[in-house]
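Q: Chain by chain, the residues run as shown.
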Amino acid sequence: MSATETAIKTQIPTFVEATLDGRVPSGPVQTLWERTKFEMKLVNPTNRRRFKIIVVGSGLAGGAAAATLGEQGYAVECYAYQDSPRRAHSVAAQGGINAAKNYRNDGDSTYRLFYDTVKGGDFRAREANVYRLAEVSNSIIDQCVAQGVPFAREYGGMLDNRSFGGAQVARTFYARGQTGQQLLLGAYQALSRQIAAGTVQMFTRTEMLDLIVVDGRARGIVVRDMRTGEITPRMADVVVLATGGYSNAFYLSTNAKGCNSTAIWRAHKRGAYFANPCYTQIHPTCIPPVGEHQSKLTLMSESLRNDGRIWVPQQPGDHRPADQIPESERYYYLEEMYPSFGNLSPRDISSRAAKRMVDSGRGIGPLRNGVYLDFADSIHRLGERVIRERYGNLFNMYENITGENAYKTPMRIYPAPHYTMGGLWVDYYLMSNIPGLFVIGEANFSDHGANRLGASALMQGLADGYFVLPATLPSYLASTRLAKVDETADSVKEAVANVQGITQRLLHTRGTQSVDHYHRELGKLVWEYCGMSRTEAGLEKAIRLIPELEAEFWENVRVTGTANELNQELEKAGRLVDYFELGRLMCIDALNRNESCGGHFREEYQTSDGEALRDDGGYAYVGAWQYTGEGALPLLHKEPLHFETVKLATRSYK
Amino acid sequence: MRLKLKVWRQKNASSEGRLVDYNLEGVSEDSSFLEMLDLLNQQLIDRNEEPVHFDYDCREGICGMCGVMINGVAHGPKASVTTCQLHMREFKDGDSITVEPWRAQAFPVLKDLMVDRSAFDRIVQSGGYISVNTGQAPDANVIPVPKAQADQAMDAAACIGCGACVAACPNSSAMLFTSAKLAHLNSLPQGQAERFDRAVLMVHQMDAEGFGGCTNLGECEAVCPKEISLDFIAMMNRDLLRANFAGKGKR
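Order-wise, the sequence lines are chains A and B.
All residue numbers for the first sequence refer to the numbering used here, where the first residue is 1 and numbers rise by one.
All residue numbers for the second sequence refer to the numbering used here, where the first residue is 1 and numbers rise by one.
If you are wondering where the hints come from, they were derived from the structure by calculation, not from laboratory data.
A virtual CB, placed ideally from N, CA and C, is assigned to each residue, including glycine.
Hints may be right or wrong, so weigh each one.
Said to hold, decoys possible - Calculated cross-link-like contacts (lysine to any residue; reagent style SDA-like; alpha-carbon spacing at most 20 Å): (1) K484/A to T232/A; (2) K147/B to E154/A; (3) K52/A to P470/A; (4) K37/A to N133/B; (5) K147/B to K524/A; (6) K92/B to I387/A; (7) K572/A to D46/B; (8) K147/B to Y429/A; (9) K572/A to E50/B; (10) K92/B to H293/A; (11) K147/B to N393/A; (12) K269/A to A551/A; (13) K147/B to G156/A; (14) K572/A to K248/B; (15) K11/B to A563/A; (16) K248/B to I130/B; (17) K250/B to G198/A; (18) K524/A to Q42/B; (19) K147/B to Y155/A; (20) K41/A to Y429/A; (21) K92/B to N393/A.
As the list claims (entries may be wrong) - Here are the computed distance ranges between Cβ atoms for each label pair: (22) R47/B to T535/A: 36 to 44 Å; (23) R381/A to E90/B: 28 to 36 Å; (24) W554/A to P170/B: 45 to 53 Å; (25) L44/B to R388/A: 39 to 47 Å; (26) E39/A to G135/B: 50 to 58 Å; (27) G213/B to G403/A: 37 to 45 Å; (28) L44/B to G631/A: 28 to 36 Å; (29) W554/A to D116/B: 31 to 39 Å; (30) K493/A to N171/B: 48 to 56 Å.
Use the sequences and the hints to build the structure in full.
A: Put into structure tokens, the structure is as follows:
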């Protein structure tokens, strides 16, 4: 081991021993939320319009929150980097949304949804938050139907359900393969109604580039108008971040190209703790990459696993086309390894199994970088028409991208970065450690633990946006005396100057390599060392290499154009700056967590048959990191996790 | 493969634009149309020139952010796909390709291939919703919705708001977009209370934004990446007629 490596190892992590308090009210989880709702303070209807609330992001969480707070009568400003709130990346969710309606009478209940989610998250989520999520799940479906979301129906007119990974009941509501789009349009329409009513002011093509903290409280943001380059402070009484996840730290992911961590990362640099950054979800069913030109990866909905069977050739190195491999020489590895859940095993488990198959030389396709998802049996059993009805748009999309017809030949799939369970730390009330800064949806860390189950992201985004935040945020306003602040405050000027400084520095570097070049290089490092499986040596290496790449970026990046115009290169560069730092923190967190749990798999910690080996004694805590300055090592705060309702147990899907 | 590109370059909303020729080599036929433009931009940046600006986000055909005219056809030669889902295997080595922004008075060009489609948002704001506050909903299965009705609503709701229909129409009409939102909400029992007001208000806003009228050419349906049907325009016109007789839309 070299001298630098030893130094890093002895320095990481620097613990702060004081425990972090999630402010979960005491009492049994089953009645907690109902009681808390009553105990929280309210704001008188006539006073609400005097409070200014900034919501950053217009996806399921942000759009729903802005609309609902607008309905309640607050003065809301909502910001989106896209040209319309309807384009937030929630739009791309395909499969569905969970709820404990038990319309199928197959044994579902709030408790079972809660239990499945805690277990699916590998016992690394906060019980009280998860119970609340399960509890409000039914109201979400009611609300969306009332808005006109065209969920799939049975012939009798009742809502249809299907099953998803990690569950043995059919509790997933869906709208063809476009559930996210339809739920987002529901929220967008509710938001549009409030924009027309004047309660919400919408700012599109506007990006948040810093958080304004005055006297320890979040009091505004600094934004850049992406059309003109104008940088302005926007003041408020409360700031809500609903800006999604950070999968694009991997460069290639299923996220939209514009998805970025800038809002949460710059809030982190202003003091907000970043929790569990190493918990990232690698989704098992995506189209494998084909070459260097690849700009993103495309997900094929997990719902396909209801009717598709996953297999690879039994023999490593068997390169025959799929139709020439006889049944007896196929290895349906998920069905064999996890007989009770089979092809519907949770995402982390399915992804790792696919990696093991490819690593063992059984990979298929021209680059040997995939596994088969085969619909032949289902087509034989149900007919092509039924399969077309269920997944037609997905099969079309697959054909557009690959040029292959999945009705005739099996799909090729491989895991890809998809969702990040980590995010800014929030308490039970969804407020970060900076008073007045709330974080909702994928941007926070709260409900999914170390692994998210399918069809739970839409549920959490809407739970936070429609039901949780609109109940907790007013309590903060009602119980806090907020001093008047304006744009002349020193901290406002400092935040604006900070943003202008970053912009100028990027434009003045005048190097030779493009922003995309560096993003691709960063992505390779994060994927290689902090992807589907991680080792101590690899993480230490990445912690050294990422800052080196970052330093080279600042020496040699070429950002074309100027500050005061529409400049996509400048936008991308600003986001990449944050991904360097966040990528490093992901590795530090993964190195600190000497166990395997959910999406975090450390090769040193596995059972004899290759399953994740948790260490509940050492690591049943939320790891919340505090920023301490550029290049410095962050401080770790621990929030202990208590499992009082669900017993800690080894997760098994066998 | 090698391509001869003609790309619309325009510095900003107030400047004049023009078509600029580029020769592009080394394009993979597995790349998407936008990845082909990425490659062009990479080469422009290498030469220290400003890259071509174009809108994109999800790159999987659902966000509706991307869209350009490709040889005069909105979203290019392949039916039922967005620009991001069009792949270069649809073209041949040596092809000439002209790339332009959507052209419509109501969609002013911002820069190069990017346009301002906020007019669509304002049409939805004028009535494209069901007025229900969060928390007011009864149980989701209280009102059965016959499958055929739900399916029709879903067919209409599949619109991604990309604007290809407007770009393809010689009149720059937004009737396919507007009628799709109306058909989505007006096909459902939940949408009946505001049905006729909604039709009047949205059509009124559509006209105010400067979109043209429909002359039944069907270009919009032909380029729509989500195969939204012209029948919805007929449905809208029927509702509008009834609404006008009943004096609706005056709230």
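Q: Are any of the numbered hints broken by this structure? If so, which, sorted upward?
A: Violated: hints 5, 6, 8, 14, 21, 26.
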